[in-house]
Amino acid sequence: MKGAVRSLVIVLGDQLDLHSSAFDDFDPERDLVWMAEVREESEHVWSSRIRIALFLSAMRHHARALQDLGRPVDYVRLDDAGNTGSLAGELRRALARWQPRRVVLTAPGDWRVLKALRGAAAAAGHAIELRDDRHFFCTVREFAAFSQGRRTLRMEVFYRHMRRHHGLLMNGDEPVGDRWNFDAENQRPFPPGGPAFVPDRARVPPDDITREVLALVEQAFPQHPGSLRDFDWPVTREQALHALERFIAERLPEFGLWQDAMWPGEPWLWHAQLAAAMNLKLIGPREVVARAEQAWRAGAAPLASVEGFIRQVLGWREYVRGIYWTQMPALATANALEADQPLPAFYWSGETELACLADALRQTLRLGYAHHIQRLMVTGLFSLLLGVRPAQIHEWYLAVYVDAVEWVELPNTLGMSQFADGGRMTSKPYVASGAYIERMSGGQHCALCPYQPAVKLGPQACPYTTLYWDFLLRHRTRFARHPRLGAQVRHLDRLSAQETRAIQTQAQALRERLAR
389 MKGAVRSLVI
399 VLGDQLDLHS
409 SAFDDFDPER
419 DLVWMAEVRE
429 ESEHVWSSRI
439 RIALFLSAMR
449 HHARALQDLG
459 RPVDYVRLDD
469 AGNTGSLAGE
479 LRRALARWQP
489 RRVVLTAPGD
499 WRVLKALRGA
509 AAAAGHAIEL
519 RDDRHFFCTV
529 REFAAFSQGR
539 RTLRMEVFYR
549 HMRRHHGLLM
559 NGDEPVGDRW
569 NFDAENQRPF
579 PPGGPAFVPD
589 RARVPPDDIT
599 REVLALVEQA
609 FPQHPGSLRD
619 FDWPVTREQA
629 LHALERFIAE
639 RLPEFGLWQD
649 AMWPGEPWLW
659 HAQLAAAMNL
669 KLIGPREVVA
679 RAEQAWRAGA
689 APLASVEGFI
699 RQVLGWREYV
709 RGIYWTQMPA
719 LATANALEAD
729 QPLPAFYWSG
739 ETELACLADA
749 LRQTLRLGYA
759 HHIQRLMVTG
769 LFSLLLGVRP
779 AQIHEWYLAV
789 YVDAVEWVEL
799 PNTLGMSQFA
809 DGGRMTSKPY
819 VASGAYIERM
829 SGGQHCALCP
839 YQPAVKLGPQ
849 ACPYTTLYWD
859 FLLRHRTRFA
869 RHPRLGAQVR
879 HLDRLSAQET
889 RAIQTQAQAL
899 RERLAR
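Per the working numbering, the very first residue in the sequence shown carries number 389; after that it's consecutive.
Don't read these hints as lab results, they were simulated from the structure. Glycine included, each C-beta is placed from N, C-alpha and C at the ideal position. Careful, some of the hints might be misleading.
List of simulated lysine to aspartate or glutamate pairs, EDC-like, C-alpha gap at most 20 Å [what the hints assert, rightly or not]:
(1) Lys503 to Asp521
(2) Lys816 to Glu633
(3) Lys503 to Glu517
(4) Lys503 to Glu562
(5) Lys816 to Glu544
Restraint ranges, calculated between C-beta atoms of paired labels, are given here [unchecked claim]:
(6) Asn569 to Arg617: 46 to 52 Å
(7) Arg542 to His879: 24 to 30 Å
(8) Leu629 to Arg882: 50 to 56 Å
(9) Glu517 to Ala823: 24 to 30 Å
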């Protein structure tokens with residue numbers, strides 16, 4: 389780079405796209421890329437080591453890819469002398485160092501980060517030139533226009549709008565197969581023998597850059613949760629594309645059937661495991677959805693599986709991003725159910741007698757991963773029924789999962805999982821007793837557990853079941869006339885006054901024990 393810096397182009401840890409809007413008019417003779425590793429991004433929530441390592445390794449690989457393209461990079465490492473430990477602090481130093489004429493940034497995925505960077509730039513006399521993130525199908529402005537005037541927002545309505553607008557799985561104005569939703573064919577539990585054969589996942593052995601990062605994380609974050617022993621996540625675009633092709637060929641054909649099924653000791657099953665690469669922007673939703681649709685048109689995957697997968701990417705993923713950016717910052721403090729219980733300590737250790745919960749928690753801490761039913765209907769369900777403060781369970785999810793970026797994690801947790809927004813995002817709280825877990829795990833978790841899913845009172849009562857009935861009792865007035873939850877609430881009429889008191893007493897004793 390020659391002469392004064394025209395543009396300082398900020399690239400954040402979840403913006404690893406060589407073709408992002410920040411580079412639209414990039415001139416390597418006059419412009420400079422700025423990237424920074426800082427402790428604050430690992431400590432504002434107590435991030436797991438595997439999540440920290442994924443971000444740092446992917447960032448360092450991306451910086452090398454930028455340099456290979458001839459784009460100059462000012463890269464601040466975590467252990468560099470003088471590192472202030474925050475993005476705002478490092479941006480202030482970079483602006484003083486380079487004195488650019490403008491600062492360019494593709495819209496970030498975190499409201500907190502945007503606020504901090506804007507503040508740091510303003511203090512130095514700069515206004516950040518914010519550009520659209522073209523990674524997504526739908527801009528925030530388009531989502532705001534879609535939601536304008538709607539008293540409630542529902543993903544299904546948005547999903548159908550997106551299918552029509554983008555012509556995906558469509559015959560003209562009608563959906564292929566004459567149906568929008570194939571859930572009746574999908575979401576089955578495993579047969580009694582469990583999954584007969586699970587394809588091996590695409591593994592990425594650590595290279596020199598990743599090994600250097602793993603050593604750094606072990607040294608710099610020794611008290612943080614999680615393990616680096618099994619680190620094998622894609623950290624480059626090439627690796628992510630390979631993982632995508634493996635999923636399309638090996639897992640997509642049966643993804644729909646088993647997307648809600650669980651089995652002890654089987655963390656991966658038929659799930660794509662592409663969210664981390666997508667959220668880092670190593671691959672984009674358009675190419676992911678296109679490959680899935682191509683597989684169906686080529687006869688390589690059934691429509692039910694392909695529709696179920698595309699629904700998650702084109703529908704739910706885009707929907708939660710729109711929710712996040714149109715409802716922040718108020719969404720972050722939502723607590724419609726007035727939950728005030730502390731998060732149980734075993735969420736950080738996995739040490740609990742509940743077999744299903746222990747399996748999901750230990751897997752999460754070891755791998756940085758759990759599939760969506762483990763998150764929604766095991767870890768999330770327990771915290772909802774227990775009445776955990778929404779902000780605490782949100783911070784836990786953000787800390788422990790490798791694919792957790794706030795724009796996608798926070799609405800999923802506070803809106804869908806914990807119903808903290810009071811129903812703005814989803815039509816009902818996802819509450820169930822231990823019977824749901826027994827059904828979707830083929831009874832395997834329950835067979836390993838000292839508790840019985842059908843029992844709600846006494847020493848053998850499943851805590852999920854006790855807390856389920858207690859949840860309905862605590863929120864009876866709110867949901868008595870609810871169109872979807874009302875039928876469950878009416879089951880309370882079958883309880884005697886003695887049973888009601890016993891359930892509430894046992895649930896409160898459980899809360900007090902876990903709070904200690």
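Indicate whether the distance between the beta carbons of Glu517 and Ala823 respects the range 24 to 30 Å.
54 Å, violated
Okay, Arg542 versus His879 on CB: inside 24 to 30 Å?
26 Å, holds
Can you let me know if the beta-carbon spacing of Asn569 and Arg617 is within 46 to 52 Å?
Since Asn569 and Arg617 have Cβ atoms about 40 Å apart, the given range 46 to 52 Å is violated.
Next pair to validate is Lys816 with Glu633; report whether the Cα-Cα distance is within 20 Å.
Violated, because 36 Å separates the two Cα atoms, which is more than 20 Å.
Below or equal to 20 Å on CA atoms is what counts here, so check Lys503 against Asp521.
Answer holds: Lys503 to Asp521 is near 17 Å, not above 20 Å.
Need the status of pair Lys503, Glu517: alpha-carbon distance at most 20 Å?
13 Å, holds
Cβ distance range 50 to 56 Å for Leu629 and Arg882, holds or violated
55 Å, holds
Are Lys816 and Glu544 close enough, with their CA atoms no more than 20 Å apart?
14 Å, holds
Against the 20 Å threshold, does the CA-CA distance of Lys503 and Glu562 hold or violate the hint?
42 Å, violated
When the structure is compared with the earlier hints, violations turn up for hints 2, 4, 6, 9 and for no others.
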